[in-house]
Amino acid sequence: MPHVTGEQIVFYLLGGGAVLSAASMLLPPLGRNPIHSAISLIVSLFFLAGLYALLSAHMLSVLQIIVYAGAVMVLFTFVIMLLNLGPDELQDTRITPGRVAAGILALFIFGKLTTAIQLTTAGAQGVDLSDPSYAKFGTVPEVGRMMYTTFLVPFELISVLLLVAAVGAVVLAKRSLKYVDQVQQTPAAKEFPPADEDGDAHDAHAHGGGH
Amino acid sequence: MTTIPLGHILLLAAVLFGIGLAGVVTRRNVLVMLMSVEVMLNAVNLTLVGFARYNGWTEGHVLAFFIIAVAAAEAAVGLAMVLAIFRLKQTTYVDELRLLKR
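Protein chains in written order, with the numbering used here: chain E, 1 to 211; chain X, 1 to 102.
Don't read these hints as lab results, they were simulated from the structure. All figures in this text were calculated on a predicted structure; none of them were measured in a lab. Any given hint could be a false lead.
To be clear about the criterion: a stretch of chain E counts as covered by chain X if any three or more of its residues have a C-beta under 8 Å from a C-beta of chain X, and this derived list gives those stretches [as the list claims (entries may be wrong)]:
(1) 13-23
(2) 49-63
(3) 102-113
What follows is a list of derived Cβ distance ranges for each label pair [to be verified]:
(4) X:V70 <-> E:R175: 25 to 35 Å
(5) X:E96 <-> E:A135: 51 to 61 Å
(6) E:T149 <-> X:I67: 12 to 22 Å
(7) X:H8 <-> E:Y148: 30 to 40 Å
(8) E:T5 <-> X:N55: 39 to 49 Å
Derived coverage of chain X by chain E (criterion: at least 3 residues anywhere in the stretch with Cβ under 8 Å from a Cβ of chain E; other residues may be distant) [said to hold, decoys possible]:
(9) 10-18
(10) 30-40
(11) 50-61
(12) 73-87
Glycine is no exception: its CB is placed at the ideal position from the N, C-alpha and C atoms.
Make the full structure from the sequences, and use the hints.
What follows is the structure, encoded as structure tokens:
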């Protein structure tokens with residue numbers, strides 16, 4: 001190691017934190033309980049926001065915290081709590097051949113990515129951000145200007161996508177859909193009576209799924 | 001010029017992507033699978049930000065912003081589907097969702 005700068009130390013700390021918290025999302029001590037998984041993921045997203053800030057992506061760093069940690073993960077934790085998923089709900093720690101094969105596949109793809117990175121990044125030199133022409137790199141005005149000029153059409157399309165997603169989510173999560181009622185008439189679905197108003201499965205079993 | 005090697009940024013992104021991929025293919029709880037997809041999307045974002053930093057292109061940040069927006073839409077629709085399925089089958093395990101198999 002020739003010379004370690006402060007920037008590198010911060011990078012490795014943040015990167016290690018992001019990887020550790022992402023791994024603890026899946027591995028037993030925390031990964032057993034979905035709500036602990038979600039909290040690990042929030043921590044990982046905060047570490048990534050720090051990494052974005054370190055890489056001079058100021059706008060993205062703030063968006064990461066507001067949109068991901070603030071909105072998406074709140075949605076996740078709300079759904080986990082709404083479904084009342086406890087640790088007893090998670091009994092999938094046994095190792096099956098399918099799982100081993102899947103893990104090997106994930107490792108294989110990771111190995112391929114590593115090789116590609118080593119081949120393509122040898123001797124890469126970053127631009128000098130202290131140069132005046134990069135003075136506004138990654139700042140809110142610069143990213144915002146680009147969003148409303150170069151990327152205006154995709155930006156507007158994204159708003160349409162979000163509208164469609166919001167309407168779709170409301171329709172999907174609505175109670176008493178026609179086709180859901182039809183499927184519930186089948187014998188298969190009768191052993192699982194519909195949930196109570198608050199979606200609590202155990203209560204529904206206790207008093208017959210009545211409303 | 002930055003002192004962080006580009007290879008290390010991409011390697012970190014690859015590690016995160018691998019964790020997310022392993023989560024999607026090994027875990028059977030659909031909520032944890034959705035969270036793993038979020039990790040994978042974040043790994044891609046980190047790649048975009050790393051390349052943007054190395055080339056001085058702000059365009060990469062705009063693309064990463066689009067990915068964040070799409071991920072938010074995906075999470076909203078995905079979680080609504082999880083709610084609808086849970087209402088029907090009282091489970092969040094993909095192994096137990098086999099209505100089409102009967």
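Hint-by-hint comparison with the structure:
{"no.": "1", "hint": "13-23", "verdict": "holds (count 5)"}
{"no.": "2", "hint": "49-63", "verdict": "holds (count 9)"}
{"no.": "3", "hint": "102-113", "verdict": "holds (count 8)"}
{"no.": "4", "hint": "X:V70 <-> E:R175: 25 to 35 Å", "verdict": "holds, 28 Å"}
{"no.": "5", "hint": "X:E96 <-> E:A135: 51 to 61 Å", "verdict": "holds, 56 Å"}
{"no.": "6", "hint": "E:T149 <-> X:I67: 12 to 22 Å", "verdict": "holds, 20 Å"}
{"no.": "7", "hint": "X:H8 <-> E:Y148: 30 to 40 Å", "verdict": "holds, 34 Å"}
{"no.": "8", "hint": "E:T5 <-> X:N55: 39 to 49 Å", "verdict": "violated, 21 Å"}
{"no.": "9", "hint": "10-18", "verdict": "holds (count 8)"}
{"no.": "10", "hint": "30-40", "verdict": "holds (count 7)"}
{"no.": "11", "hint": "50-61", "verdict": "holds (count 9)"}
{"no.": "12", "hint": "73-87", "verdict": "holds (count 13)"}
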